[in-house]
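Given the coordinates of chain A, work out where chains B and C with the ligands should sit on it, guided by the hints.
Letter by letter, the chains look like this.
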Amino acid sequence: MSDETLALQNKNNSQKPSSKKFWDFLKSQRGWLFVLPAVVLMAIFTFYPIINAFVGAFKENYQALHLEGEKGYTGWGFENFVRVLKGDTGTGGASFMQCLFNTFVFTFISVPLSTLLALLISVGLTRIKVLQKAYQTVFFLPYLTNALAMGAVFATFFTIVGTSRNVETYGLMNNFLSLFGIKPVDWIGSGSPAWHWGSLNVPWAKYIVAIIYEVWSGLPFKILILFSALQNVNKQYYDAAKIDSASKSTVLWKITAPLISPMLSYLLITGLMGGMKQYSAIVGIFGADMGIDYDMGTMVGYIYQYIEKGATGFAFAGSLLLFAVIMVFTGINLIVSKKTVHY
Amino acid sequence: MKITIQDLTKTFPARHKGDKEVTAVNMMNIDIPSGKLVGLLGPSGCGKSTTLFMLSGLESPTSGHILFDEEDVTELAPEKRGIGLVFQNYALYPHMTVEQNIMFPLVNMRIPKPEAKERALDAARLVQIEELLNRKPSELSGGQQQRVAIARALVKMPNVLLLDEPLSNLDARLRLQTREEIKRIQRETGITTVFVTHDQEEAMSICDIMVVMKLGIVQQIGEPQAIYDDPENLFVANFLGTPPINIFKGQIKNGGVFIGDEEIMKTKHEDQEVYVGIRPEGFIYSPSGVLSLDVDHIEVMGRDKSVVSISKYSTKPTVRSIIDADVKLEDAPVLKFNLKKNKVFLFNAETEERIR
Amino acid sequence: MKDLENKELLNQEEVTEVVEVEEAKALAAIDLNKEKARDKRAKIVGAILSYTFLTICAFFAFLPFYWMVISSLKPEYEYRRSVPTFFPHEFYFKNYAAVLSQTDTGSSGSFLQIIVNTLVVGLVSTSIGLVVIVITSYALARMEFKGKNLLFTLMLATMMIPGEMFTLTNYLTVSKWGWNDTFTVLILPFLVSIYYIYLLRNNFKQIPNSLYQAAKVDGLSDAGYLVKVMVPLTAPTLISVTLLKFIATWNSYIWPRLVNTQSWQLITNWVTRGFPDRGAKLYNGLYGTTMALTTLRMAAVCMVSLPLFILFIAFRKYIMHGVSKSGTKG
Ligand SMILES: Nc1ncnc2c1ncn2[C@@H]1O[C@H](COP(=O)(O)OP(=O)(O)O)[C@@H](O)[C@H]1O
Ligand SMILES: [Mg+2]
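Protein chains in written order, with my numbering: chain A, 1 to 343; chain B, 344 to 699; chain C, 700 to 1029.
Chain A extracted, bound-state conformation (with noise of 0.2 Å):
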C-alpha cells in the first residue's frame, strides 16, 4: 500500500466522523420512533390537560363553551375555591361539602368493611376443598359488570313502587327486614329518612343503600388479590403454629393478616383512593341528581355536574381539590407501604 493511498483513507477517516457521528445518534435515538404516537397523545390529552386544569381553576367565571369569541373568563384569582367550599356558585345544585362528606362517608365504611370481608371470605376459601373453584367464580362475578346496570338491580331491592297511599311492592329489602318485624323503610325514594347536621344532610337510609352497594362491587377483586396472597403463605408456617398450638383464629389474625399485611394495605389504600372516584354506581342507584338535589352526589358528580353546567371554572377548582385529597391519600400510602411491610 502506498503512502498516498493511505493518506486518502485517513483523510476519509477524518472526514466520516461528523455526519457519521449525528447519524448514530439518530439511529441511537430511534426509540422516539417507537413511542411517538404514545406521546402525541398523551400531550394532547394527558399533559396539557393536567397543566389546563391549574390555569383554568385560577380563571373567575370562566365559561369555555358559553362564550365564543370572547375571552371567556372576567380575571384570575382563587374565587373559584372560594365559592367552591363555600357552596355559593350561584348555580344551584350540589353543595361541594356535601359530597364530600357523602364521599368520605361511602368510602371510609365501606373499603374497610369490604376489606375484612374478602379476607373473611378467601380464608374461608383456603379452607375448602370441594367446589373451591365454583365459588371463587361466583365470588368474582361481580367484577366484570357495568356499575350503572348494577347500580339500577340494587335500587329495585330498595325501591316502594305504588303511590304513597296505594303502595304495590315494599321491594325486597323491606319484605326481608318485615320478617323480623322491622317496619318498611323508604330507602331511597323522596320520603328517605335523613339526620341534618348544620348545613349537611345526613341521609342514612341512602347512604345504607350505597355502602351496601360498594362492599358487593368492592369484594370480588379484594378477593381475587387477597386468597392469591394466602396461597402465596408458605405453608411451613401454619404447619409451625400447629405444632405451637395456636388456635384457628390465633392463626389468622397473628400469623396470616401480619403475613398479607402489605396487599392488605394495598388494597386499603387503593380501595380508598378508588372511593373517591366514586359515580357512576351513585347514579344508576339513584338516578341523574344523584338523590334528591344531589343530597348523594359524590365528588366526581360534582365535577361532571359543572361540566354540563358549562362552569368551567367551578369544575376545574372541583377537580384540582379532588386531586387534592388523592395526593394526601398517595402520602400516606407512601408512609404506611414503608412502614407495614415487615419484613
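Keep in mind the hints are simulated off the structure, nothing from the lab.
Where hints are given, some of them may not hold.
[To be verified] Each computed BS3-like pair below joins lysine-lysine, with the alpha-carbon atoms no more than 27 Å apart:
#, chain 1, residue 1, chain 2, residue 2
1, A, K242, C, K733
2, C, K845, A, K129
3, C, K739, A, K309
4, B, K659, A, K235
5, B, K659, B, K679
6, A, K21, C, K845
7, B, K479, A, K254
8, C, K915, A, K20
9, C, K1016, A, K133
10, A, K235, A, K338
11, A, K21, C, K847
12, B, K479, A, K338
13, A, K133, C, K915
Being a predicted model, the structure only gives us computed values, none of them experimental.
Only chains B and C with the ligands this time, still in chain A's reference frame:
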C-alpha cells in the same frame, strides 16, 4: 418419652392423572428408647420427612400406629402431642421478633406473660442467642435462624424433639459446629430426639441410634458403628462411609470367594454369584497378597495414603484402598493386597442381601 | 448406714412415683379418647362453618344477578306483588322486545345503530390501542434514548391523577376542533392507557436479556424480536389487556354522553337512557300508562350485562390473570 412406631405406612394419591400413587413410608417399625437421639438417614425422597411429619401429627398415616410411651397418639392433633419441631427452612414467623417467635407457643398455651418471657430467655440462653431477642428473622444469619427455630421448639419443654434436616441450609463449617451444639443440647435436656438427614457423616457423628431408609422401607436400625461394621445389605453398606465402600463382582465356588481368578478368602457358603464389598481401610499391602489391583495413582494425605486403582470387576470406576502413610509401596503397575476379614462383606448378587 | 437409708427412701419414692404414673396414664387414656372425638368434631364443625359462611356470602354476591334476570322476565304486575316471587310465574319476553324497539324519540338511534357504534369504537380503539401500548412498552423496556427516564417518570406521575381532571379539558379540546358526533372523539383520547403500558413494560423487562442476545445472534431485528419473541411470551397479559380495554368501551358512559348526541353514543348510554327518569318516559307504550317499569329496566340491564358474562366465562383465566396482575404492581 419412648416412641414406638408400628407398621406405619403413608400412601400419597397420584398427583397427576395416570401417575401411580406414592408409598412414601412402607410398614415401618421402630422402637425409640427414651432420651435417645435417633437419626433417620436415607437419600432424598425416601420418606424421612413424611415419617417425621407423621410423628408430629401434621400428616396422618394411611395405616399403622404411633405410640408415645404407651399412649396411641396416631390420631392426636399436633398441638396435643407435646412435641417440638424444627423445620428444614426453620419457618420462623417473619413478622415477629425472635422473642415473639420463641414465646409464641407459650402464649398459645396461655402461660402468663412474665413466665413466658422468662422461659423464652432460658431457651434463648440454651442456644446462645439471648442478645438477638429483639431482631426480626430477616436480620439473622442462617445459623442464628436455626438456633431460634430450636429455641422455639424447646421452649415448651416438649417430650419429643423432631428436626427435619436442620443443618442442610448451613455452610460446611457452621454445619459441623451446629451439629455438636445439637448433640450438647440434646444431652443437657435429655429429650427424645428424632433427627432427619441425608448426610451419612452427620448421622454417624451425632446419633445414638440410626435408622437407614430407602424408598420408604427401613433397611437397618442400630448404633451407627454397628451398622457400619455389620451392614444388612448392599444399599446400607454403600450408603455409609467416606470414602465409600468398594464393590466387586465375584463368585463363590468350591468353598472360596473369587474376584476374577483370584481367591480372596475361604467360605462355607454354597456356590453363587456375589457382590464383594471391601471397605477402603480393609486393605493390607503385601507383595504376596490375595488381590491384585492395577494402580492408577496414589494420593498421599499425611496420616495415610490412598491407592487409587482400576479393576474390571469393580462396579465403580475406581477402587480406593487406604493404607498407613509409612508403609512403603513398590513402584509397580500392579500391587497386591491382603484383606481384613471384618472389612469384607458378601452380598447375594440378586437379592443384594448380606451373606453371613 | 446413711447410704442405705437414702437408698430405701429413694426406693419408696420410686414406688409412689410408679403408682402415680400408672394413674396418670389411665387418666390420660380416657382424656385421649375424648380429645380425639373432640378433634374430629372440631374439624367437622369447622368445615360446616366454612361452607355455611361461604354459601351465605355467595348467595348475596349472586342475588343481584339472579334478581335482575328473573325480574326482566316477569310481567310488571307480577314484579309488583307485595310478596315477591323468586321464580316468574309467567315468562314475559315482551320486556325485551319493548326495550329493543325503543326508538320513540327519533334522534336516539336504533338498537342496531348503537350496537354498530359500540362494536366499531370498541374494535378500533382496542386494536390500535394495543399496537400503541405494545410499541411504547417495548421502547421503554428495551431501548435506550435520551429522555426515556423523564418520559417514564412523567407517565407514572400522571397515573396518580384522577381521570376527571382530564375530562373537562378534553371535552373543550374536542369541541373546539369540532369533533362532536364522530367516532374519532370516542377513540382517540383513550388509545393510550398509561397503566397498561406500565404493566406491559414490566412484563417485557422480566424477559431475560439473554433471550434478546440469543435472538440477535440468530439475526433477528429489534422489530422481529418484538413480534416473534416478546409478544408471544407476554400473550396472557396482552389478551387480558385486550379484553379489559374492550370491556371499558362497552361500559363507557360519561364521555360519550358528554361529547356526542344520542345516535352517536354507545350501548351503555342507550340501554340506561331510561334510568335517570326511572323509565317513565320511554317505556310507556307497553301498558299504556306512564308508570316507571322496573321489569323493562331489568331487561335493559340484562342486555348490557349478558355480553360481559359471556366474555367472562370464555376468558375467565385471562381476565383474572390481568386483574390479579394489577394487584401485585406495588
Ligand atoms: N404431599 C405429597 N403428595 C404426594 N407425594 C408426596 C407428598 N409429600 C411427599 N411425597 C412423596 O413422598 C416421597 C417421600 O417424600 P419425603 O418424605 O419428603 O422425602 P425425604 O426423605 O426427602 O424427606 C417422595 O417421593 C415425595 O415425592
Ligand atoms: Mg425431606
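Each hint tested on the structure:
1. K242/A <-> K733/C: The hint holds at about 20 Å.
2. K845/C <-> K129/A: violated (54 Å)
3. K739/C <-> K309/A: violated (67 Å)
4. K659/B <-> K235/A: Since the Cα atoms of K659/B and K235/A sit roughly 41 Å apart, the hinted pair is violated (cutoff 27 Å).
5. K659/B <-> K679/B: Holds - the C-alpha atoms of K679/B and K659/B are around 19 Å apart, at most 27 Å.
6. K21/A <-> K845/C: Since the Cα atoms of K21/A and K845/C sit roughly 15 Å apart, the hinted pair holds (cutoff 27 Å).
7. K479/B <-> K254/A: holds (15 Å)
8. K915/C <-> K20/A: holds (23 Å)
9. K1016/C <-> K133/A: holds (12 Å)
10. K235/A <-> K338/A: holds (26 Å)
11. K21/A <-> K847/C: holds (21 Å)
12. K479/B <-> K338/A: Status holds; Cα separation ~16 Å.
13. K133/A <-> K915/C: violated (43 Å)
Consistency note: the structure conflicts with the earlier hints numbered 2, 3, 4, 13.
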